[in-house]
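Asks: Here's the letter readout for the chains.
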Amino acid sequence: MVSEAAISVRGLRKSYGEHEAVAGIDFEVGSGEVFGFLGPNGAGKTTTIEILEGYRERSGGEIEVLGVDPGEPTREWRSRVGLVLQECELDPLLTVREAVTLFATFYPSPRPVDQTIELTGLAEKREARIGSLSGGQKRRVDVAIGIVGDPDLIFLDEPTTGFDPTARRDAWNMIEGLKELGKTVFLTTHYMDEAEHLADRVAILREGRIVAQGPMQELSASLGRRTVIGFRLNGGLDVEEVRSCVSATPQVAGDEISIETEQPQGDLYRLLALAEQRGVALEELEVRKPSLEDIFLDLTRDQGRQP
Amino acid sequence: MSERRIVLAQARAAIVVALRTPRALVFTFFFPLIFLVLFNSIFIKGGDQSVTLPTGLKLSAQAYFMAGITAYSISLSTFTTLAVSITTQRERGQLKRLRGTPMPAWTFIVAQILRATAQALAMTVLLVAIGVLAYGVDFPGSSFIGFLVYVALGTATLCTLGIAITPFTPTVDAASTIAPFSVVILAFVSGVWIPIDQLPHWLQEVGRIFPLYHLAIGLQSTLSPQASGLGLEGGNIAVLAAWALAGVWVATRRFRWEPQAGTG
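Listed in order, the protein sequences are those of chains A and B. Counting in the working numbering, the first sequence runs without a single skipped number right up to 314 at its last residue. Counting in the working numbering, the second sequence runs without a single skipped number right up to 316 at its last residue.
The reader is advised that the hints may include incorrect statements.
[Stated by the list, open to error] Chain A is faced by these chain B residues, among others (derived, beta-carbon under 8 Å):
1) I58
2) A65
3) V68
4) V69
5) T73
6) P74
7) Q146
8) K148
9) R149
10) G152
11) T153
12) P277
13) Q278
14) G281
15) R306
16) R308
[Stated by the list, open to error] Just a sample of chain B residues kept apart from chain A, beta carbon distances all over 10 Å, derived:
17) Q62
18) R144
19) P156
20) I197
21) L200
22) T304
[Stated by the list, open to error] Think about it this way: if two alpha-carbon atoms lie no more than 20 Å apart in a straight line, the pair counts; the simulated SDA-like pairs of lysine to any residue are:
23) A/K145 - B/L150
24) A/K132 - A/Q144
25) A/K132 - B/V68
26) A/K145 - B/G286
27) A/K145 - B/G145
28) A/K296 - A/L281
29) A/K145 - A/L129
30) B/K110 - B/G286
31) A/K145 - A/L73
32) A/K145 - B/K110
33) A/K145 - B/R144
34) A/K132 - B/G286
Note that these hints are calculated values from the structure, not bench results. Note that the structure is a prediction, hence the values are computed from the model and not measured. C-beta: ideal position from N, C-alpha, C; glycine also.
With the hints as extra help, turn the sequences into a complete structure.
Replies: Rendered as structure tokens:
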């Protein structure tokens with residue numbers, strides 16, 4: 008039976024000497040889906056994507072990308088897979104059109120060069136040298152050469168890292184455009200909001216293992232039950248006193264305290280009473296539902312190495 | 053997507069990039085021309101001056117400089133530019149990116165060699181034209197064919213060596229220091245601008261190890277009126293060919309597509 012999945016991964020492992028960068032992961036990416044692959048730096052995202060792209064050999068596991076083992080990439084397979092690498096600086100002396108035209112010649116049935124340039128929002132820069140473009144515009148050229156071969160599957164490795172908010176918004180629109188073209192998109196990011204905005208399904212990676220995966224909405228619903236109490240500790244109270252009066256362990260970052268609790272009412276009551284009794288003001292006091300960013304940080308935090 | 057089109061598109065891009073790199077153009081284009089004019093102006097004081105090669109062949113000083121500087125120029129156009137440009141492309145991540153396309157790896161290498169060869173031939177034509185027209189250099193008998201054989205063999209050898217050295221230049225800085233200055237320094241012990249018999253014996257022996265010596269002496273020999281036939285000498289041909297084979301051997305085993313600096 009032919010699998011419907013664009014990517015299927017079972018028990019993937021990759022070791023560098025003693026260090027296990029990817030420690031046995033499983034997931035599937037369906038055709039036409041935008042799949043978000045999340046995790047902090049060093050979690051194994053780039054190692055995984057480079058194995059799927061055919062750049063790196065794996066230490067173990069079964070993988071298929073468009074029905075082919077990427078450990079033995081063929082030319083035909085390469086022409087169906089589009090790449091946007093994390094670190095790739097194109098020749099600054101070529102113009103946008105020259106670079107896209109060059110890459111188009113590598114593929115059996117490329118998209119029209121001008122149309123590709125317009126699709127990535129570079130129409131006004133087509134005669135500009137790549138060296139004269141802004142960071143965001145250069146990233147668009149990376150995307151343009153990634154899709155000019157008209158691939159079925161596109162790997163985007165941290166496409167918006169280092170972008171300002173406007174550039175990120177534009178990049179998101181562009182990625183949504185790829186989805187509308189029916190492409191399968193495999194996206195790595197360390198921004199939860201990016202995954203939330205773009206991905207149909209996500210997998211969250213920590214230290215080489217998947218700690219959560221599923222459709223975006225389900226994931227945020229199942230993980231987002233607790234409430235966060237946050238404030239600044241500015242003398243008058245110490246962390247131990249705070250710890251003794253609330254039901255959860257406070258997280259300390261500098262003078263910022265945050266308490267993730269399942270009993271917000273009681274904890275807040277005791278905390279305020281303590282502060283009132285000492286005559287201490289809890290600066291910047293807030294009570295909020297955890298953002299996806301908090302959930303993400305919580306899932307990816309190394310439990311044995313708290314600050 | 054015939055493979056010929058892929059090669060030509062990449063060669064064309066490489067030529068465009070080379071023409072838009074003024075620093076490299078000054079070094080590889082203007083320097084040899086300036087040297088040719090300078091050496092002829094400084095060292096030739098009217099009348100017939102001749103240089104004697106280690107093999108005993110004599111040739112005019114003008115022919116000696118033209119041939120030596122052609123060898124020097126071929127080295128810069130091929131060895132130096134290939135080492136610098138391939139290392140630069142590798143460290144920028146361009147080679148890794150290219151490997152992720154259906155482009156066959158050999159088409160990239162062939163395209164780079166085509167660009168270097170075009171540059172080496174254009175420079176040779178210019179230098180020979182100046183030598184013949186401005187300084188009266190003469191090609192005796194069928195020596196022109198021998199000269200071309202050395203140009204072709206030297207170009208091939210120095211192209212392979214320019215590619216073969218890139219595994220040993222981990223950064224662009226390393227490549228753009230080692231690749232040009234090794235040629236400049238070797239030129240002093242290869243009879244490019246100082247006749248080899250004016251050097252101490254041990255320096256001559258050092259020069260004799262490297263291909264630039266054999267390319268320079270080879271080209272110079274063909275221009276001697278005493279040279280027989282095509283003016284080819286088996287020793288020079290053998291050493292150049294040996295270096296070419298060594299270059300192919302190293303390049304096919306050690307060539308890297310991924311950036312060497314940083315972790316990647």
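Asks: Are there hints from earlier that the structure breaks, and if so, what are their numbers?
Replies: 6, 12, 13, 14, 15, 16, 17, 18, 19, 26, 28, 31, 32, 34
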